[in-house]
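Heads up: the sequence lines are chains A and B, in that order. Going by this note's numbering, 626 is the number at position 17 of the first sequence; the sequence numbering is gapless. Going by this note's numbering, 451 is the number at position 449 of the second sequence; the sequence numbering is gapless.
Just so you know, the hints here were simulated from the structure itself, not pulled from any lab data. All values derive from a computational prediction rather than experimental measurement. Even for Gly, the Cβ is constructed at its ideal location relative to N, Cα and C. Please note that a few of the clues may not be correct.
[Stated by the list, open to error] Covered stretches of chain B, going by a simulated chain A footprint (3 or more residues, C-beta under 8 Å):
| id | segment |
| --- | --- |
| 1 | 81–91 |
| 2 | 103–111 |
| 3 | 192–200 |
[Said to hold, decoys possible] Simulated coverage check for chain B against chain A, where a stretch passes if three residues somewhere in it have a Cβ under 8 Å from a Cβ of chain A:
| id | segment |
| --- | --- |
| 4 | 69–78 |
| 5 | 170–177 |
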Amino acid sequence: MSVRLLIASVLAAVLSGGAAMAQSFAGLGSDAEGFAMPERGYVFDFPTDHGPHPDFRIEWWYLTANLTGEDGTAYGLQWTLFRSALAPEERAGWRSPQLWLGHAAITTPEAHYVAERRARGGIGQAGVIADPFEAWIDDWRMAGTDMKRMQLTATGPDFAYDMDLEATGPLIFHGEDGYSQKSSSGRASYYYSQPFFEISGTLTLPEGPVEVTGQAWLDREWASQPLGASQVSWDWFSMAFDSGDRLMGFTLRDSAGPDYTAATWIEPDGTTTAFPDGAFSAKPLTESQVAGREIPTRWRAFLPEKGVDVTVDAINPQAWMETSIPYWEGPVTLSGSHRGRGYLEMTGY
Amino acid sequence: MRLGLIALLSHWRRNPWQLVTLVAGLALATALWSGVQAINAEARASYDRAADVVSGGDLAQIRRADGAPIRTAEYVALRRLGWQVSPVLEGDFTGPYGRVQLIGIEPMTLPQRDQADGALQSPLQPDGTEPQGNVVSVHPDDVRVFEGKDVTLRVQSERVSGRALADIAVVQDLLDRPDQISRLLVDPVQPIGRPDLPSDYRLTQSSGETDVARLTASFHLNLTAFGLLSFAVGIFIVYGAVGLAFEQRRSVFRTLRALGLPLRSLMVLLAIELGVFALAAGALGVVLGYVIAATLLPDVAATLRGLYGADVAGQLQVRPAWWLSGLAMALAGTAVAGTAALFKLARLPLLSFNHPRAMSMHAGAAARWLAMLAMGLFAAGAVFALVGQGLFAGFALLACLLIGAAFCLPALLSAALRVVQRWHSGPLAEWFWADSRQQLPGLSMALMALLLAMAANIGVSTMVSSFRLTFTGYLDQRLSSELYLTASSPQQAAEIATFLEEEDAAVLPIVWQDLRIGGLPAEIYGIRDHVTYHDNWPLLGALPEVWDRLAAGEGALINEQLARRNGLQPGDDLETGDRVLGVYSDYGNSAGQVVISLAAFQERYPDVRIQRFGVRTSEPEAIGAALRNRFDLEPDALINQADLKALSLAVFERTFAVTAALNLLTLSVAALALLIGLLTLANLRLPQLAPVWALGLTRRHLAVLELLRALCLAAVTGLLAVPLGLALAWVLLAIVNVEAFGWRLPMFLFPVDYLKLGGLTLVAAFIAAAWPALRLSRTPPDRLLRVFSNER
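So that you can see chain B by itself, here it is in the shape it has in the complex (with noise of 0.2 Å):
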């Protein structure tokens, strides 16, 4: 045993470049995935640091309908009404060293969900007397901001660094304003019979406008998905790896087996061997992905910040969740495709010799039976496409699809070669057919990895340059107006359109009224009879003439996530009384969207004074500067669009850089798949190219003639990889979207994208055979003699 022990990893020993692509495979399978998920757990994570109290998460909130401060008389006041609400008060605060959001939050009344973080902000100590001191809950970075103050500090890694959290007692003192609330949270759990919210009041829904954690929801599908595709790229080249050293083992295992080792002992040997490999090499994977998220992590944060606001840090913590899953990751990969491997080798007869034509045979069969079981899941992904509801059926239909076409590759290969072979006569040409042919068996896992990380490239960046484009579209659309402005006061909102209409500008008031329709969330909006309005809103579907309908109060316009939630189309009625006039898309927003003429909405809801309005005109730096210098505006009330849309095009760029990062990766970890299977062929295939050179072809010759195959073995792979990528993407865009956030996203195809990315393939699958050539081109010609003379 100890003895078959160092046979096999003498193996090791002599052959010390084929235990680094062994590791390495398993290595780089196991960082891609560890560094998906890394990301994913950590935005996820930071977001449920940040949806505690300081965002009020998911619960609704009440403000002051003139957007002034509430009062601590007010606060008592609704409570005693029976609303059950708990008042929060945040601000930045500036210390010598540095600026936090300092949010006050009332522990007693804070909705049970949020208790724990209440208990740690309690004005009790865990004896039940009253803290000394103003105490305060920082993140490590941010101690250095209170530094000199008169508090007491508890310092907490899991705060949200840049936001402080202490009682609103502690925050009224240190932000000095004293009697002042800044919103209060609305307990989900209220008393029957209380009363309605007095119209000094605005109550947002939940998922309304700031619902940060469903948008974010939409690029963490994005992230997954990643996930998925990388988790399966990784499958494959384990596969490949393990595969290979079984194959150049094969005569070692057969001496061992003549030499009397029971075939038991030696599986158990291997599967200790390859267990210890998985996990070494495990282990260096999630050190590798830990390295690819810490540098991509910053990226994504800046991305997840900028459009959506959410909040995540740019520090990397390693968690158990993820480097585990890692681990399990290598060790179920290794163990996938090390028990096709050891059956293989528990049916290898004791003096069995390479059999080319029967090992091809068998895999034609092999081929016919995998892509049987790929028809098997393509229907499976049909069945879920029509009948299946929900994320999960978008997900499994995207499993189904892919896998089924990886498996599909085989028999399609096999039959493009088939078809190839027949167009040339002449002898070389023949055999170089049939003898790519015979090779495919041996290389199918690779190139299904190559062809599922073509898919997965062409797939995803479909998916976010369609979104790219959709999104800034739909900015200049939605955002038509030069300046967005939000005045302290209904008095000063009259005071500053005045002002601008004297100045020569349009002024589009912004006003809305939150409500309930079809028992969800939805908004209500008035707006101005504008040409901005007929020349910019992207309208899906609409009666004729509909913004003049619009003007004279005839009706509604509804957004697509109304529509497609009640089944609405122009011409049908709304539970509000309105008419339908038309539908607009409106990404990135799940709650309802009712629009109406402005005159119609202060007939409505005369309670609702305007606040916030666009403004157009052709000097907007000019006004915008007037406007400051004039009015007592708040530091955000002035918003340039022109800065909204470069925010918003950065932060796309910052998303591209991830893909795009992840893309090169996957990859590359499928060229080393291509690479590891070619070098399995090269030591069999010697028998096979030794008469082709004995009849004349050069060494160089044949090792070009390799190189052409791998190239064209690639190409074939990438040019099937187009439909599937497309089809992941359509899936993505059009099934995965839609029950996720209720919108679709129309699809843009980027044939130049394509091309480059034929291109790198290409690339790829040159570097990964041109080693294997190489080793070709210079194999001694004894070596090649000599397989006559072995001829067993």
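So that you can see chain A by itself, here it is in the shape it has in the complex (with noise of 0.2 Å):
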């Protein structure tokens, strides 16, 4: 491999390092010298946590939504801002030493349509203001006045997409309080989400526009260094059932090690239940062919506690982010104990 690449390649790897979420050769699981560190027991305090924290070196905005069609076609939606920081601080103009990285993309049956944004920081190219709530890169904005009613837009060479958010719940936050544990040595960071947002608005697609309604799920997440060194990918599972319940799943898999996982169960009015390491698990049943690699699309998720025993499987196997780090992100049918709708993210395939 010529250094250059090598050094493109890693450059990517930082740059996205809240993309994948996970992977530790993607600098999640080095060092933080500097850095900020997440507590337990911190208070959050709103907006102003809605904004950003460049004393951390990952943050990410994550929202994904799915939705369907007037003709009853299955859509997912995805909005992502990712900043990523060289040092713990800001400085305005060029010299800014915080990077930001927008990914954008709709998925229908048949296809899947991928946008990626690339800013630096201090010269307002993108960036996020806490109140009035705007995140930007470039021409997307994810913005309303608070963070309850939002306006959401992107483009991308051949898809683009703005739509309206209304949040039917509250905030809901992670492991102890919003301090989610990502192994079992400590390693953490500051997770809350709003899983009960109203979408709708209109898709622009090849084959032109399509009116859209259905549900959004928002994942707030920052932290300096949440992974172990050794922990090498993450399947992460967001599921909305038709009984109004919600769960948030995932595993870390760990190359020296067992697996780390952990759920939070989320009732229709909002209140939560954190399981720890263990409770929740989940198998790949089916793989397929996807970008030269073999990626599970069907899995078999429980949460026994809940009685949680449902089939996982992908609307389009083919929704793979072809981006400056690649990784699998698409919405998902559920059944088995429970039916629904939701969306799945793997890393490190």
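Join the two chains, each given in its own frame, into one complex according to the hints.
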């Protein structure tokens, strides 16, 4: 491998440290000298905490949505803004050490449209303001007077969308009141979500515009060194059941030891139950050939304490994010003990 | 086997000069080939380097319409509209020990194609932290410029010397130009629904005026044609050299075979011997080629820099591509030549004699066969010319024409000699011509090489000279104003115009706008009606009263490229809604061009302000000085047309130097081939010369006749080379150039040059024939006598 390629790949890996949310090689497991670290017992302060935390190494605003067209076709939508810091501070102008990365996608049963944007901080090309809330990179925006009602836009070379979001429930906090442990050795991040968005708007696809409605889920997470060095990949599930209950669960696979899992059960009123390592589990059922690799696109997920035993099926197995650092992210349908829809993210394949 | 090898090699020990010719022939052919390859490879590598972010390569670019720098906030505003652009800031950086052009890029947004460069310049360390200090990538030559400066240098030999690359933040600080951006590179991938570019900015399409790569391709085409020709010449000389080595050892082979060495072993031995020679001579040739290239490269580099602004480093690097191709060429040439020789050897009767008449008859059949092959090649060439399209067809036609012509040569020469023979009576004359014809087969390879070398000379120098005449003529026409001026703002432009009119100078505004016609980039210009244009513009075809109609806004002039591309003629309608009034030639430009009257232009594009103009004046020096004194002009804002022309001419002179040197080399190689051919024959011909000597002709007389014969053959070959060379030039100018660049160069003839070349060829033939003739005149009589006593 040429040195150039090596450097380029490391650059890409670091840039999208948030994207994959998990690969240790992407910098998430590296040392965080000088950066702030999450602490137990942190009291969130809103709306300030909707904004960026430049003294932490990585952070993201991550929205996924399950949509339905007027003809009943299922669609998936993604809008993500990542922040990755080279130094724990912000400086005005081109010398800013804050780098920003945006990913947007629309998934249909037949196709998967992806776009990526890159920017550096300090000059206003990308950023997040807490109040009134605005997160943007180039012409992509997620903004509103507060986080309850927002507009969401993105464009790519072959697609665009223009959506309205309205929250119908409260924010929920994962782990111990938003302190989300990521390994048995105690690495962690701050992690809260808004899983109760109603979403509607227009998707612009090569075939033409499509009016859609559905539900969206926003994840907010920031940390400096959330993963252990040997935690190589991550499978993340968000599920919205027809019962109105919701479930977030993830498996962090460790090359040097047992996997680490965690889950949050969310009732329709926003009451949460956090489950420790081992309570949630998922096993791959069927693999698909995606972008030259074997990717499990059909899973069975369990949370016995809530009677969950569901089969997770990708709406489009080819939902591959061909970005600086590639990963799989797409809408899924749920069947078995519970029925519903959700999103699946897989990195490290 | 070992003894056989010793016996074979002993031949070289006894005839060291033969070894020298064989090796020299192979080495020279390889040298010519690899030299041209080296220059090409080097120049191309240089563009590849230069075409990185530095020039934006083939990316479209955005600048402010008023020429002012772009502010960071403007860049951000464009990004937030959805425009996928990346900023570049460039400027001269002067250190204590010299100066470089410093280029600042933004790695995060740099279009993907250039990501590798971006990664090198990224604000990140490989470990994902921020680099300490200001990182600048420089060529090793430029390290001293930054001595004593607070920068961290990344020295990279693949950078272009004189150009340093750094992050835009670093460059803004080093140049002390905070908040400034020179231009924006436009990513080829843009989102849907992106709004139009605000009118403050001007978008230059990628293949517009600055497309260096496409223009320099023209020069490369010339070099490639030369490479092709030198390859052909080289193959012939290798063939000759190997043929000589076989011919002269016939008796050794016979003896070895008679002593019981199996044919297979003999052939293996010879193949090994040839392979070793090819490798050794090839290596020598590559070294020689390097010397040739190193000598010529500064001129080539200067040519390209001057002609097209393309930066070619004047330094040669040893590249595997061309030295491998040089060795491969030597091996392949030897293999081709050796196969024929080995084939002959395999059919050699164990106890054969030299049967001149039989050889000649056999050669006659071979010549007919070659001529038929040549006809086939000509037919294929005609098919390529009529049916084929694109550059490949042009080159295929060229190859068919050249090789076909070379294959025709033996038959043509033989026919010519037969005709001459009929005119002459008298025993000596008849013997002379008959003997010449009999010698022809042995010399035909060398003569083919000579033919190709001369044709190449004529063809390439006709092309280059035509190019020069056309181009300087074009400069005279198109650069008809004495001064060219670029103001720093439309306000300044207006002030300068007022000043110039007071000084009694005519001001010809130059305004243009990029657009697309037929989906391809084009430019539209507005010009003021002025006698300068009437007198000078090179119109290829036009409606009557074209200038009056243009001034009245009745239509447009278009350039030849646009006319050819869209099949337009005067009287047709353009998709801009203008009627085509005339077509003008526009060399060296790949984009389409439309010219309308200034009034019509300003009505159509009210936002485009005049900032450049030509100035007609009888006192360019004085006016130029006055302008510089009075206005705050950028260093390169004022161009004196005379300087520009002088520069272009100087560039052509250098091109000629390169062409002349290559010509001379090709010719010397061909002369060497002739020498080898004559030497091969010299020994074989003793049995034929001895009877003539015995009949009373002195050795001196015989030698003179030999010399005369060589000159005659060279002269006939030279005569045949003229039409071939002109055909070659025509194909290059009228077919290859049109296919490659969309414009046709008119062809000019240079008879005096051809005469000079003819003289040079005769001199070369004379020198090649002199040594064998001298040897003949000094042949001891007893050797001639022995022919009779040895009569077998």
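Hint by hint, here is what the structure shows:
no.	hint	in the structure
1	81–91	holds (count 5)
2	103–111	holds (count 4)
3	192–200	holds (count 5)
4	69–78	holds (count 4)
5	170–177	holds (count 3)
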